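Visitor: Chains as they are written, first to last, in the numbering used here: chain F, 1 to 114; chain P, 1001 to 1113.
What the hints contain is simulated information worked out from the structure, not anything from laboratory work.
Treat the hints loosely; a few may be bogus.
[Said to hold, decoys possible] Straight line, CA to CA, 16 Å or less: simulated EDC-like cross-link-like pairs of lysine to aspartate or glutamate:
{"id": "1", "chain 1": "F", "residue 1": "LYS44", "chain 2": "F", "residue 2": "ASP86"}
{"id": "2", "chain 1": "P", "residue 1": "LYS1022", "chain 2": "P", "residue 2": "GLU1066"}
{"id": "3", "chain 1": "P", "residue 1": "LYS1100", "chain 2": "F", "residue 2": "ASP56"}
{"id": "4", "chain 1": "P", "residue 1": "LYS1100", "chain 2": "F", "residue 2": "ASP57"}
{"id": "5", "chain 1": "F", "residue 1": "LYS78", "chain 2": "F", "residue 2": "ASP57"}
{"id": "6", "chain 1": "P", "residue 1": "LYS1108", "chain 2": "P", "residue 2": "GLU1008"}
[Claimed, not checked] To be clear about the criterion: a stretch of chain P counts as covered by chain F if any three or more of its residues have a C-beta under 8 Å from a C-beta of chain F, and this derived list gives those stretches:
{"id": "7", "stretch": "1010-1021"}
{"id": "8", "stretch": "1034-1043"}
{"id": "9", "stretch": "1100-1111"}
None of the values given here were measured: they were computed from a predicted structure.
Where a beta carbon is used, it is the ideal one built from N, C-alpha and C, also for glycine.
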Amino acid sequence: EAGVAQSPRYKIIEKRQSVAFWCNPISGHATLYWYQQILGQGPKLLIQFQNNGVVDDSQLPKDRFSAERLKGVDSTLKIQPAKLEDSAVYLCASSFPGGANQQYFGPGTRLTVT
Amino acid sequence: AQSVAQPEDQVNVAEGNPLTVKCTYSVSGNPYLFWYVQYPNRGLQFLLKYITGDNLVKGSYGFEAEFNKSQTSFHLKKPSALVSDSALYFCAVREGNFNKFYFGSGTKLNVKP
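Please model the complete structure; the sequences and the hints are all you need to start from.
Guide: Here's what the structure looks like:
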């Protein structure tokens, strides 16, 4: 079974530039999550999709972050413009719907903003 | 408000000894509890979960966790640690089917030969 795919694995940009991350979840997983993991901290949920609809984006900084999952499969997360404090690992995860189901995580994208 | 706490930033244990990584949670209803492990430059991997039923849950790689409702804890345990268990461990809690996951800050486990 193929896992959650993410690209790129690493990205270095200057502040005020824009960047986009891509995620392809496990086939059949209707729920997709984007997390931000700052060094030394646990993952923080940015946005959760159920198929192509947003379930929770309460912690997404909407003035600079956006995400979409147009066809209910793969998803993109964009930051525009980036700030120094956006330096983190961005993790994508997917699961079957329902709170009892565990999430499966991709390898993450390490973003460095200089 | 929901939250989860991992009181130890780091746990050191000798290979072959038992290990415990602590987790306490706070939810207003019945929790779904999870443990994940993260190796360097890798995503999080699921270890085990408690949904309902038996308080002792067994998971991958010989790990187990005990759900204690009165103490609101879900400590991760292993009878005999391996050097290869050295990694970052995260506890997570979710209340119900539609609420978000809350992750703890993580505990770094160091197993020395």
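Visitor: Where does the structure disagree with the numbered hints, that is, which hint numbers, in rising order?
Guide: 7
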